[in-house]
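The listed protein sequences correspond, in order, to chains A and B. Position one of the first sequence corresponds to residue 1 (our numbering), numbered consecutively onward. Position one of the second sequence corresponds to residue 1 (our numbering), numbered consecutively onward.
Keep in mind that the hints were calculated from the coordinates and are not lab data. Among these hints, one or two may not hold up.
Said to hold, decoys possible - Some chain A residues close to chain B (C-beta under 8 angstroms, calculated; not the full set):
1. 78
2. 81
3. 250
4. 254
5. 281
6. 884
7. 886
Ideal placement from N, C-alpha and C gives every residue a C-beta, glycine not left out.
Now for the letters of each chain:
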Amino acid sequence: MSNAYRTKNSTGLINKNKKINFTFNGHTYHGYEGDTLASALISNGIHLIGRSFKYHRPRGFLGVGVEEPNAMVQLHEGNKSEPNIIATEVELVEGLKAKSQNCWPSVQFDIGEVNNLLNRFFPAGFYYKTFMWPKSFWMKIYEPFIRKAAGMGVAPLQPDPDRYEHNYEHCDVLVVGSGPSGLASALAAAKNGARVILAEDKANFGGSLLTDEVTIGNMSGKEWANDTVAQLKSLPNVILKKRSQVFGYYDHNMTVMIERVSDHQENPSKYTPRQRLHYIRAGEVIVSTGSIERPISFGNNDRPGILLASAAKEYMTVYETLVGKKPIIFTNNDTAYSTALEFLKNDITPVILDTRNNSNGELVKEVKQKGVNIRFNSGIADTKGHLKIKSAVIGELDKDKENFTSLESIDCDCICMSGGWTPTVHLSSQAGNKLKFNEEIDAFVPDKKRQRESAVGAANGSFTLNQSLAEGFQVGFDLSNKFTDNNIVTNTPNSKEPKYEKHERLWCMPLPQGKTPKRFIDFQNDVAVSDVELAIREGFRSIEHVKRYTTLGMAGDQGKTSNLNGLQYVSNIEKKIVPEVGHTTFRPPYTPVTIGAIVGREVGNHYLPTRKSPIHNWHEENNAVFVAAGLWQRPRYYPKESENMNDAVNREAANVRSNVGICDVTTLGKIDIKGPDAPEFLNRVYTNAWLKLPVGKARYGVMLREDGMVFDDGTTSRLSENHFHMTTTTAQAANVLSHLEYYLQVVWPELDVNVLSTTEQWSGIAVAGPKSRELLSKLFPNIDLSNEGLPFMGLVDTNIDGIFARIYRISFSGELAYEVNVESNFGLHMWKRIMDVGKAFNIEPYGTEALSTLRIEMGHVAGAELDGRAVPFDVGLNGMVSKKKDFIGKRSLSKEAFTSEDRQTIVGLVPLDKRTKIPEGSHIVENDKVASPVPKLGHVSSSCWSVEYNNPFSIAIIKDGKNKIGKNLFAVSPLKDISIPVEVVSSHYVDPDGERVRS
Amino acid sequence: MLEIKCPYCGKRSQNEFSYGGDATVKRPTLGEEISTEDWDNFVYFRDNPRGKHTELWHHVSGCRQWFKASRDTATHEIFDTCKMNEALNE
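For reference, chain B alone in the conformation it holds in the complex (with noise of 0.2 angstroms):
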């Protein structure tokens, strides 16, 4: 069981957590023009990589506030968490 620090209530265990997946997504914005081949990739294909990894998790069973982490997806090891609006420690 990983233990994550949420940027706001500090080290907690993950199961106070839920996975919210590549964090470096960017939702098309509203209204725009956008082909499918653009919004497929959008919806559906995300790489899959071994190694960093930058990644939203939400403390659901906490503060309830999204978060961004940087993590190995091999070793687990969680490099960096912060706010929303910051910046991974990269």
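If we strip away everything but chain A, and leave its shape as in the complex, we get (with noise of 0.2 angstroms):
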């Protein structure tokens, strides 16, 4: 029968007008708008939801709400699949689709139960103890079994199609949870100005007061919640999020919330995003985030049907389902006696069995008056029914209470159990907040704050409505007076509340005579009592190790039903107070947060930023392959209809060595440098000497890092007397612009000199070839580019079509090449003039691939080159190093180390084949037939196929490398499984005395 376990009255926050289909393992039920998956479930009478981590056991729901450690669950289907939900936190919407994990075939027959039966074999460390050898196992046969069977929910394996936004907030006052302590804190706060974020985990405002009968001013708590909420909404400083998790509490007061934004809605629209993350600064955070129920251990105490007390009633007052008809309570306090009362209220008589000897408080005596009987003295020792509880065997404690007289056994469909509060700490704790023991309560609370980080109401231990609505009021008021002069105090009104008498210290029932039931501590990670008792026996005693060696707490939960009742276990059996024992540390997030949220709209194609040369249009129209070279998007090479890249990149290469090229070089670090001691600060950065260099020239450069390691080269032009134009790699551009930074604000900032990147002010076109001058003197032909006009090395700006131009006669590719610099947007403009006139010269764009066959053939260092791990002498440039004059690194370079004669230098490599190209990265080694290991002498940095010679050629850095030149050695490729017969030849394969680039 369906909906059969509804309440008789209505709460309000249950629409019964709107039905809501879904379904569960393939059976479809209905819930109505209001319900979360498991509020739904649980009026259909179910239960069992899933399986236990470990020995599979039926496990039901324990809680209603973020506490929830059984109740996990794999949602919707196909790419918007999400597995280990927890049920209790989904708000039911049309079409919900959900399942059952940790099962199989079937949540109700389960193969992967027989871990239960046999868990005698599997104790606290079984893992440990058991899996230790052969030690080759563990790889292919043990963890993959493991994850197997203890498995949790399935991840997609598509892309997740959902929208997630990443959101900025400030606030002077943020205050998470949204109960008595919450709306007081806000309220003082928002009243007196401040700017106040109030966020709330659930669907609805008010915490406590959804399920409390209290009375505040005169209204009913309720009321006073809505009251309160409908104030702060009328105030412009106040932003209140409910569905919103305050999950993380990072340095400086910067915490994460996580908005469920549309999970909720039937059609939400494409452009609203499923979650939203919120980095909120808080000027101060007011942690009002409530307590949360201890279970009790006792012999089965996880099977289907055994709740929190709490739980039971939040079912009952907030979603109108009954968790059974047929109740015991068990409790170690009062507060489970309100449980009983709204039983009462549905004409349902729980039976109470309650450690304690006896009660006066005041719910205790409402629910004598009702002429129920109280089994003081009582407790449960054991129950029974496999897929949903059927009975409990009960019984009357001794005076020790270490031992039952006597033993009955009856009948029941749920047992709604209390173990007092633990105030919930998380964030305090996460903020670096000292915890210290209040033994009034037997928890945990926060103490000696590190952060501008404030507790209120039960989450500080203050378990009466009067205390938290003092101190939220209070805690409001004078952190809000941080930030304002209002000066308006807002009053605590009265309230009412019933009276509690205090709880007993016993959250483990004893074992029946003779029998050995599982009592479960931490449900998720199903560790029982006596697994704690095992790891104590076996010598842990740090609370660090006890939970390591058992997983107590460590399942996605974090233990926040099971922390405080492992803790008291362990000081139980240590005989020490629990403060002695310790706790161990909350880290974030508070609850699991979706990967997608987290990741926000930084995927795909943004991911990163991309940066586009202004001429890229042309390359995509113009069939450009493209490669990354960082954030930007540079032609790899343009083949034309058949070719494939090998044979895109010779003919371009070739077309360079035999005709003219063009290559977009934008990309190349530009930075502007000014000042009268620019050239002594060049003089300082670079290798070689600066000084003397005259207005329109350029010069190649060499900077290293202090450690001596070659940092970065380029060409850098004087414009005028203090005015430079320096160029850097594509790669090193952002570093090099803050290591000048770093010299001239830290290092010496006596020098008057100013430097500003300028690389997407300009846009770059190298014109390589020999036939590069005479094309560009058709195009500029009121300058002269003669040899003796434009020197190598040299620069001249003039003007085309009335713009600015910028001719240097500098080349990469060691032909007679120029490159032309123009304002960026005007790079399409010129790149398209000198593709018209470059046509009569047989012109084509050739892209990185080509461009690096150039500088390889030539043995021009480059990245693969300069590694970080080169100092000048390895990689040919010592000509660059002056011996005159000091500067950044110069010191390093006479180091022994970097002075050996066996340091790893440049050579050139051409297989002994010449057919065979070598893989870069290759090893080389003198002998490829010995046991390995095999003497490295170097590695491959850069290879290439030669269209000067028509064969493979390749750079690489080996030991001692001028002296082995005319060996033959082996190139070795361990990935690949060849060894490549090779001869050493200089690293200046084509051109050696680079006479085409003075041509």
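Put the two chains together into one complex; each comes in its own frame, and the hints tell you how they fit.
Given below as structure tokens:
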């Protein structure tokens, strides 16, 4: 019968007019608007939701919110599928599909349950003890098997189709949790004029006020909550967020909150994000996160239908759902009696077991007055019922409460247990708060704060409504007063709630005589009392060790319901008080967060920004294949018709050598350097001399780090007396700028120099090849481009079509070459003009692959050689190092290790067969036949197909390279399983004397 | 994520900055004779204190100024920041 487990009275939070259909394990059910997946299932009589992690025991709901350890489900299907979702946190939405996890073939009949029968073979530390030997079995046999058996949900294999957003917020006061103390804090702070954000995890504001029968002022608790929320909504300085969990508290009061924006909407707009991650930098954080009820350990206390008393109450008072019709209430304190009263309102009389000898609390009296028999000094020893609780073995406890004096079995369909309350201190602890133990409530509470964080209400251990409201109003006002001068005090209203008597310090029931049923502490990780006993018996003393050995509190719920019971049990065995045992550390996230929300919109093309040259569209139109160079997209090659990459690259490179090629070099880093001390500065930054560089000339320069390693290279030109134009490699552009700024601002502030990146202001076009002069002369007929008019390393300013253009005679290809720079906006125009005129000279564009081929043939070093491990000597740049002046990194060059003769230095390699291309990264060895480890001489840094000689050529860095020229060695690539006999040659393979660039 | 007060721009999130190491290290003067040991100390060796640390930060995604900060390496509390030519309030 559907929805048979509904309460008589309406709570106003369930809309019975809006029926919602959903499926669970393939069966269709319905619930109503306002239900969670948990309340909808329970109202249909379903408690069995999954199987436990280790023993595959049938499990049901324990809680009603974030504390739930058992009820994890797989939601949705296909690319929207999501594992390990807590059913108590899922709002019901039309068409929702959920299924059980960690069971096969079904949740009713799960093969893995054999683990339960064999449970005595699976004690704490089982995996550590069993799978140690043989070592080689771990990766291939044990680990995959364990993973399969102890699996959680299944991660979807397709990309997440949903949209997630990030938002950055600032506020004076962030209030986390909207129970009485949270609402009070928010109201006091907001009325005093502070900018307030109030975050509530659930779909309704109010926290315990939604479930507790209390009076505030002349209103019920629920009315006061509604009234306060209405007041807050009317204030412009308040942001109210429900369905929003603050899950992380980081340094400098940075908190992170996840908002479930459209998970509960039937048809969200495609532009509505599914979830939104808020980074909130708060002036002050008020932690009003309330408290979580503690379970009690007793035999088989994990059967479906056994849950927290507060959860049972919330299902009734918020979700109009009965967790059962034949309840047992089992408690060590007064608060569970409010659950009994809710059952009584539905004409259900519970059996009440109280471990205490007596209580005269107001709720207890009220229950007594209604004629309910309370069995004091009693407890539960064991339970029965495979897929759902059917009966409990209960009995009276002896004087020391260490044994049962008598036992009897009574039927039931649910057990509502209460072991008292644990303040939710997670956020305070994450913020660095040193917790202290409060013996009055037997729990840890925040104490010494490290950040601007204040706990109020139950989270602070203040369990009465009076205290909660008083703290909330006071702290809310005090903290807001740091940000405003208004001094507006909001008075604390009077409140009325039942008086409670003290709980009993008893959280673990004795075993029934002669039996050893499991008494669970940590439900999610299947840790029982016997596991903790074993850990201590085996000598684990530190609570951190007990935790790791038993995995107590290490599951996804981070021990929300189990930590304190575990600590308590260790302290009982060790005969120590809990604060001496200590506690483990809480870490973010407080609740599991979807990876998609953390990633936000930074996926696919938005993962990184893309930088494009102004000529990019032309490259696209001309069939360029692009390659990422840092953030830049650069043309790699321009294939024609059926050409493959090798064909295209060889054609492009050969055309540069024989005719003329054009290459987009806009991506090179460019830095404008100005100031009277600019020449002196360059002289300190570069290894070579710069003071005497004439105006209108460029010079190649190498810069080092202080440790002597080559940092970057490039040409820098003197535009006027105190004005230079520096170029850097594409990859190091940003680092070089930071490097220059560091020396100017930190080390030599006395130098009068300014630096500015102009990478994006200039578009650079390389025109290279023997016909480049002819081409440019035709394009710029007014300037003298002869070898005398514009010699190698010269530059000239000119105009074309009314555009300013600067022509440098510099070359990376080793050919006669020029680089034309124009303002970025005119880059495309300039490119097209050169292409037009170039047609007559067989001009062709070339990409980064051909660019590499040309520089490798010439033995020009680039990133692959300048890998941060090379001093100038290693890469043939010793000639660039001035002996006369000091510069950054010079002192390092005279260190013993950097002057050693057998350093690895640059050479060229040609395969003996003149056919086999040598893979980059290959090792160079003298003899490839000896047993490993083979002594390694060096490695191959760059490889190409030489278009000049029509055979492969590589650059390598090998030990004592200069003296190896002429020798035959082997290039070995174990990855490709090849060994190539090679001859060592000079790295300057083509035009070793550099005649072409000067021609 | 830290909140760092750039002496030029005011409070900004840590992701606008890059860290520049110990601010008390002084680069040897150019052209100065220096022993290998002293040079190595300058290039490689840094203290790694727990507690107060005077360090450099670069407002790399902002005004691009280098500046000094006094920070507790254990708690991340930043006591003061100042321009390179100013003294930290310590």
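Practice task
Against the structure, test the hints numbered earlier, and report the numbers of the ones violated in rising order.
Solution key: 1, 2 and 6
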